[in-house]
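Colleague: As a plain string of letters, each chain reads:
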Amino acid sequence: MSKLRSGRVSFMTFIPEKQPPDVTKLRKLLREHRFLPLAPEDVRDESVGWVDPLLSFETEEFPNCYFRDYYLFSLRIDRYGSGGSQLRPFLEEAEFRFKEEHKIERIPAHQKKELRETAARRVRVKTLPRTVIAEVAWNLGENRIYLFSQSSGVVARFVDAFEKTFAISVAHSLIVDAVDEIDKPEELTSIIGDLWDLGGDA
Amino acid sequence: MSGREREAAQAVPFLGQEFLLWLYWRSSSDPYFFLDNLGLGSIDLRLEEQITLESLRGEGYRETIQTQEVALSDDIRDSVRTGRIPVAARVKVSRGKAEWQFILTALPLAMRSVKLPAPEKSEDDETMHLRLIQMEEIDRIMRALFKIFLAERTNPAFVNDIRKFLGLER
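If you read the protein sequences in the order shown, they are chains A and B.
Going by this note's numbering, the residue at position 57 of the first sequence is 57; the numbering climbs one at a time, nothing skipped.
Going by this note's numbering, the residue at position 43 of the second sequence is 245; the numbering climbs one at a time, nothing skipped.
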């Protein structure tokens, strides 16, 4: 279920460098950069795009993207994992059968690569991509964006997708940013050493 | 924020540890904060149930202590006194009947797994709106507390007050 509706949340705050677009343009841009599902025969390993915040499948409509003082949408990331343990039985089977069929002890490198690709395709047909969905809330009054994830991988994909979609760059806004409001923040030194008399150890 | 300012903010990782230590102190001595001038009301902040301490000496030994009363625990205060600094803690922030619970980490200084005061089971739009407002509020509250910490930190008595609390008077 959407984190907008229930559950504990971990979030990151961003400040966009420009004002948000109007809702018509927002819908158009979300549609243009919407999430497109991966197929097993797809050459891509990963698909990243926007979905409606309450309807996490591929949609062109985004019916819930304008909610009171917020724009709401979600980043969906689907990725085929060709993890070693998943691939291993398929690869070992393919290599075993190839050696038997060709009556050889060692498989040439180029052939091994081909067998690996075939095995990876077999894994894809039998498995679903891993899905990650992270909600985004864009406060229109304060022009602040909240991403409901702190995963570095999700954050990197969000920043990239957001900037490509809206042509607006975003900057992280951290609790510690308040340090910039004090005089000469670059001259701050730790008090930890003073507290425990650590000298130069802290 | 300019690139230079951002660099400055990120170049002070010790502030996260100091902030957690300050919250531990305040939670044990005076957990009330008046944020009315910021439109955030008066809040009560307590560290509860779990705290992770890291040794400042040696190879940074870590221990996680679980207890209902973090603020009153002698074991925790003894550990801190011997040079173990809080690096993560479960925090409860209350304002009237509203309660936020989350894990606060020092490096990076961030809230994780925030439980919002809004009812958990409701699916109506009003609840969704309330959750968004409450998420923004706790973000603002923690930023406001960090500013208070920065201001108090400049007080010459700051280090001695914490030393006194920990029983480390010179």
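Among the hints, erroneous ones may be present.
Unchecked claim - Pairwise CB distance ranges, derived in the manner of DEER restraints:
hint	chain 1	residue 1	chain 2	residue 2	range
1	A	A171	B	L309	17 to 25 Å
2	B	R259	A	K184	39 to 47 Å
3	A	G141	B	E301	23 to 31 Å
4	A	L36	B	S231	51 to 59 Å
Stated by the list, open to error - Straight-line C-alpha distance at most 25 Å; calculated DSS-like pairs for lysine-lysine:
hint	chain 1	residue 1	chain 2	residue 2
5	B	K349	B	K317
6	A	K3	B	K317
7	A	K3	B	K349
Claimed, not checked - Short, incomplete list of chain A residues facing chain B, as computed with Cβ under 8 Å:
hint	residue
8	L4
9	R8
10	V43
11	Y66
12	Y70
13	G81
14	R122
15	V123
16	V125
17	L128
18	V132
19	I191
20	D194
21	L195
FYI, nobody ran anything at the bench for these hints, they're computed from the structure.
The beta-carbon is built from N, C-alpha and C at its ideal position, and this holds for glycine as well.
Colleague: Hint by hint, note whether the structure agrees.
Modeller: Now the hints, each set against the structure:
1. A171/A x L309/B: 17 to 25 Å: holds, 20 Å
2. R259/B x K184/A: 39 to 47 Å: violated, 30 Å
3. G141/A x E301/B: 23 to 31 Å: holds, 26 Å
4. L36/A x S231/B: 51 to 59 Å: Given a distance of about 56 Å, which is inside 51 to 59 Å, the answer is holds.
5. K349/B x K317/B: It holds: about 23 Å lies between the C-alpha atoms, which stays within 25 Å.
6. K3/A x K317/B: With Cα atoms ~11 Å apart, K3/A and K317/B stay inside 25 Å; holds.
7. K3/A x K349/B: With Cα atoms ~29 Å apart, K3/A and K349/B exceed 25 Å; violated.
8. L4: L4/A check passes; min Cβ-Cβ to chain B is 5 Å, inside 8 Å.
9. R8: holds, 5 Å
10. V43: violated, 36 Å
11. Y66: violated, 12 Å
12. Y70: holds, 6 Å
13. G81: Violated - the Cβ of G81/A stays beyond 8 Å from chain B, reaching only about 25 Å at its closest.
14. R122: violated, 38 Å
15. V123: violated, 33 Å
16. V125: Where the cut-off is 8 Å and the nearest Cβ of chain B is about 36 Å from V125/A, the hint is violated.
17. L128: With Cβ-Cβ at 26 Å, over 8 Å, it is violated.
18. V132: violated, 17 Å
19. I191: holds, 5 Å
20. D194: Since the shortest Cβ distance to chain B is 5 Å, the answer is holds.
21. L195: L195/A check passes; min Cβ-Cβ to chain B is 6 Å, inside 8 Å.
Checked against the numbered hints given earlier, the structure breaks hints 2, 7, 10, 11, 13, 14, 15, 16, 17, 18 and satisfies all the rest.
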